[in-house]
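Chains as they are written, first to last, in the working numbering: chain A, 28 to 346; chain B, 28 to 346; chain C, 28 to 346; chain D, 28 to 346.
If you are wondering where the hints come from, they were derived from the structure by calculation, not from laboratory data. Do not take every clue at face value.
Since the list gives no way to pick out one identical chain from another, each pair is judged satisfied if it fits inside one copy or across any two copies.
[Claimed, not checked] Below, computed lysine-lysine pairings styled on DSSO-like, alpha-carbon distance capped at 27 Å:
1. K233 x K77
2. K255 x K77
3. K282 x K233
4. K161 x K106
5. K132 x K106
6. K77 x K210
7. K255 x K132
8. K34 x K255
9. K34 x K259
10. K245 x K132
11. K245 x K34
12. K233 x K43
13. K283 x K106
14. K144 x K233
15. K282 x K259
16. K283 x K43
17. K77 x K43
Quick caveat, the model's predicted, so the values are computed rather than measured.
Protein chains: 4
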Amino acid sequence: MASEVCKRPVRPVSLKPGMTVGELIREMEDTGFGAGRLARAVEIYERMIKDGALILLGFAGAMVPAGMKKIIVEMIRRKMVHIIVSTGANMVHDLLEAFGGAHYKGAGVADDRQLYKWQIDRIFDVFVPEEYFKGHFDNPMLSILDEIARETRESLSSADLMREIGSRISDENSIVRSAFEHKVPIFVPAIQDSCIGLLLWEAAAKYNRTPPTIDVVKELDQFFSAVKDAGKTGAIILGGGVPKNYIFQVAFEFKKPYNYVIQITMDRPEPGGLSGATLEEAVSWGKVGEEACKVQVISDTTICLPILVAAVMERIGES
Amino acid sequence: MASEVCKRPVRPVSLKPGMTVGELIREMEDTGFGAGRLARAVEIYERMIKDGALILLGFAGAMVPAGMKKIIVEMIRRKMVHIIVSTGANMVHDLLEAFGGAHYKGAGVADDRQLYKWQIDRIFDVFVPEEYFKGHFDNPMLSILDEIARETRESLSSADLMREIGSRISDENSIVRSAFEHKVPIFVPAIQDSCIGLLLWEAAAKYNRTPPTIDVVKELDQFFSAVKDAGKTGAIILGGGVPKNYIFQVAFEFKKPYNYVIQITMDRPEPGGLSGATLEEAVSWGKVGEEACKVQVISDTTICLPILVAAVMERIGES
Amino acid sequence: MASEVCKRPVRPVSLKPGMTVGELIREMEDTGFGAGRLARAVEIYERMIKDGALILLGFAGAMVPAGMKKIIVEMIRRKMVHIIVSTGANMVHDLLEAFGGAHYKGAGVADDRQLYKWQIDRIFDVFVPEEYFKGHFDNPMLSILDEIARETRESLSSADLMREIGSRISDENSIVRSAFEHKVPIFVPAIQDSCIGLLLWEAAAKYNRTPPTIDVVKELDQFFSAVKDAGKTGAIILGGGVPKNYIFQVAFEFKKPYNYVIQITMDRPEPGGLSGATLEEAVSWGKVGEEACKVQVISDTTICLPILVAAVMERIGES
Amino acid sequence: MASEVCKRPVRPVSLKPGMTVGELIREMEDTGFGAGRLARAVEIYERMIKDGALILLGFAGAMVPAGMKKIIVEMIRRKMVHIIVSTGANMVHDLLEAFGGAHYKGAGVADDRQLYKWQIDRIFDVFVPEEYFKGHFDNPMLSILDEIARETRESLSSADLMREIGSRISDENSIVRSAFEHKVPIFVPAIQDSCIGLLLWEAAAKYNRTPPTIDVVKELDQFFSAVKDAGKTGAIILGGGVPKNYIFQVAFEFKKPYNYVIQITMDRPEPGGLSGATLEEAVSWGKVGEEACKVQVISDTTICLPILVAAVMERIGES
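Turn these sequences into a full structure, and let the hints guide you.
Here it is, written out as structure tokens:
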């Protein structure tokens, strides 16, 4: 009996100069802790792709300001993701760059009073000049919202809105643009909790326009339609927050547990919130299947996401 | 110069049997780390009340299942909070109890497959039988939603909806009921990301009803109206997530930084998300004032919230 | 079966002004997350005292600079702790205060280059002038070490050394002094990793003295003798580090699992180190008993320790 | 002025299949959060090597059970590390494997009572049969300790002991063996807090032998001699604990701040302990230089260490 649980020895990681990311992950396969979990995430991601699962991506935390957007674009292009659920902020920062703005490398500890005087907004160690929110977001977005409002009669889901915006921008490194092109819907459940929401309000309240109307039940309906009849389903959750809960609640609603789940986060179970809840806990709710392939990697997302995707790209290319 | 930064000695905590929570906090005033920060939070909370500030509460994490609801009710009754921004889940669990359901003490590590078979849903170390979501939430809520839809023509903000629900329930220990009684609006920006949202969808899709329509821009408008003309403003943020961002974005929109801010959370700045961002970072954005009284307590919320509120109640009673 | 795991409802915390710490803990007894765990810790601590267990305290992290020393002194005086295992640093800071030095309230984020110029050393948000290490530690300690060396022929364990020092100081608020008075041994397994160690080296290398010789095997022998024949054993672990491992390894060595264990820490299991390992993991090693009363509170120690001890003092006084 | 802090734009990570680890790090150079920090760590490690710095490695956490030992061996062989300061546990597990034992992939959540019955010890998700501590550690080590005691008259520092053991084993994948071969001293300041310490005690107390005598002041003397006259100094700290403090205290003692510092850890500053203290804090103490190249990566060590070392190997090979 004891021998049953001790049959796969830890095989220490062996490095060589110039090894590929995929080779490094192979070396991590028989290790413990985070390394073993990350290697398992690569394996699960590969399997969910090869199994033809519908793949949902939960996208929280300031991933775009940190420089992660092209990875998501790559995932979209390579059909490694089919539905995105995002915080509003990530979409705002993607659009800000699409409209010519930028983020800058700053410092994790800074003189925030000085930054305030300079009107530079800090996101941990990334800086963004506040004027960009005006010139590279509000102004171009207002025109786009006007155009959308003119052309569409009906109320829109957040995914409709993101698609409409995506069709009107040209930056090929933009998540919003790429998602439009590849018909990957982007759901932003708390859209009013972002500069997009602020602008919808301003359009009417400050600029006397008639912005598009957002319909949250239509959003649920579209999201559910996209997921409920899928065969196998897989979820890749970066961070936690609303995207994690939203991706899981469809499984709860339709009693259709995910077959594959990867979460990369620094959140932990002990505070009791859903963001850091274990994937085992989600089994009790029927959100994750009893026999699902699942792994939670407790580590920095900006480090693990590039490795995960690079390694899977290498493997998929191989096959 | 050096003597300037070394003038307030750490005074070790001295305990005595039967001391009050307020006396314990007094002992923590001249200490370091979390203890000093919690004592500072008590001081700031007292000041924001005495200063007549408009007080907003950000309410994330599964605080109601953990047993924190009566503290919020107490804060509402004593006018220690004026506006609540909550996750949907906390309101769902508050209503579930108001409709006769309950949560149970479970275990932090459990056999989730067995729980799944028993249809018991786990929230860290709290258990809730899944049938309660039907009998003690969906059924009574459907009738209430019907009634609201009949009686109101216009679309509703999430705060309108919570108020309408609150007016139709009677449990005096319910946050939703108490908030209705004391005219404390509850904003739930990601309402579709909760069982309330699921039910709004089900009402139409499964039960052929016409549920109330939710208007997210109206929500922003009401929220902004409630905050923008206030004199001093204070924020008490439990956890992070959408409530933190939503409470901060009104300050950003109206260039009206908070004068008082307390955050109790286990989230940290290094992953880069807003939940764990320092309050100094918020200064760069103009969300928190340069001269604001602010403190971030990195500790378990279910431990710190009761102490914070009990100590402030003791002090306010004193004065 | 399902009803078996759902029989103890969460009872929400009810506050009243002027409630005692013990009353607050009673309110937390039927809650979840950290609050429920802290209430459980109080219950376990009370039981280990009433059961006459030998109580070991693991003492890591900069608890003395933060202002926690008088709590430990109180625990010693009230016979709530019988053996202490500490980092060197906590003992150094206790002695520094005993010799007339002090710590000061500083700030969690500071200009460390400026502090360096001013020769002020920072410990998170506590400051200590570097000269104190000379005037209020090195100088008086050198004389004491000389005296000890003269009077004792044999090599000393770290506990012998701490006892000898304790007998030569008079500050009644000192942990080292109180431990001497009440015959509570203090083991400092990594004594060379502290200013005490530095001074032992300096005594010989810089000042041409013959300092006492430290014997690490004698230390183990004394520690083992003190623990191995005890009836019931209990451990209270603040933080993690060497003290946690050292306290647990005696149980491993003698196949004598602890009957009661409380750990308060911010460390977590996922990085794989012992500091944050769950107490369940310790069961596999036989360090903690299968039927032990145990709880791990993941929360700030400087907040939880005062509450824990104040509540137990209130209860013990009651009985 | 504002433009000064916003001159280096974040450049999003661009992936391609089959990219090397070094290429991935190049892509992370102009990103934020953990990714940017890890890229900076690679740059700093490369610089400390090229600058001819004396490189110290702090080695805490159960890195060997997790499968990290061959990375350390590689660092030793390539002269990428010159002095090691380790917890006892890592050396114990290295020796256990050198003597024919093994660790196994287990699970992060397990039935620890069952494991206890099977006598399998759990280290997060790594399992080790308890009998290995007897057959693959105690027995061979006892003979070695006997031999060492016979051949050496004087008391030994922990580094002397590790070197003597290293000279008597042959496993080329062992850290202890490789360190001996390449004359890299391994200091284990809390050696009594490990199975090595237990065995030293057992040798005398149970087996009637005369084990080698450990001298902690001699250890400090050797450590200080090895560091104090070095030109530039660099520290790579994995985890925290005693190794971090021990490596930093030599800088404090000799007023010789490190020129290069990398720390990879999941510990954080808020609990106030040294393990998670920022490297800025260490500047106030003069442990890290005001102008030092330093970075703290808050992320899983078992993921970041392989990447760091692989990337540096790739670069050094290039040059």
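Checked hints:
Taking the closest pair of Cα atoms, K233 and K77 never come within 27 Å of each other, the shortest separation being 50 Å inside a single copy and 34 Å across copies. Within a single copy, K255 and K77 get their C-alpha atoms as close as 20 Å, which meets the 27 Å cut-off; across copies the closest is 53 Å, which misses it. For the homomeric pair K282 and K233, the shortest alpha-carbon distance between copies (15 Å) is at most 27 Å, but the shortest distance inside one copy (45 Å) is not. Neither within a single protomer nor between protomers do K161 and K106 lie at most 27 Å apart by alpha-carbon distance, with minima of 34 Å and 38 Å respectively.
For the homomeric pair K132 and K106, neither the shortest alpha-carbon distance inside one copy (31 Å) nor that between copies (33 Å) is at most 27 Å. Taking the shortest Cα distances, K77 and K210 sit within 27 Å of each other inside one copy (20 Å), while across copies they are farther apart (50 Å). Taking CA atoms no more than 27 Å apart as the test, K255 paired with K132 passes in neither setting, with 42 Å inside one copy and 33 Å between copies. In the homo-oligomer, the alpha carbons of K34 and K255 never lie at most 27 Å apart, since the shortest distance is 39 Å inside one protomer and 35 Å across protomers.
Taking the closest pair of Cα atoms, K34 and K259 never come within 27 Å of each other, the shortest separation being 31 Å inside a single copy and 37 Å across copies. Taking the shortest alpha-carbon separations for K245 and K132, neither the intra-copy value of 39 Å nor the inter-copy value of 37 Å comes in at or below 27 Å. Within a single copy, K245 and K34 get their C-alpha atoms no closer than 51 Å, and across copies no closer than 40 Å, so neither meets the 27 Å cut-off. When the C-alpha separation of K233 and K43 is checked against a cutoff of 27 Å, the pair qualifies neither within a copy, at 60 Å, nor between copies, at 45 Å.
Only within a single protomer do K283 and K106 lie at most 27 Å apart by alpha-carbon distance; the minimum there is 22 Å, versus 44 Å between protomers. For a Cα distance limit of 27 Å, the shortest separation of K144 from K233 inside one copy, 25 Å, qualifies, whereas the shortest one across copies, 52 Å, does not. With identical chains, the CA atoms of K282 and K259 are at most 27 Å apart within one copy only, with a shortest distance of 13 Å there and 48 Å across copies. Taking identical chains as interchangeable, the C-alpha atoms of K283 and K43 are never at most 27 Å apart, the minima being 44 Å within one chain and 34 Å between chains.
In this assembly of identical chains, the alpha carbons of K77 and K43 lie at most 27 Å apart only when taken from different copies (19 Å versus 29 Å within one copy).
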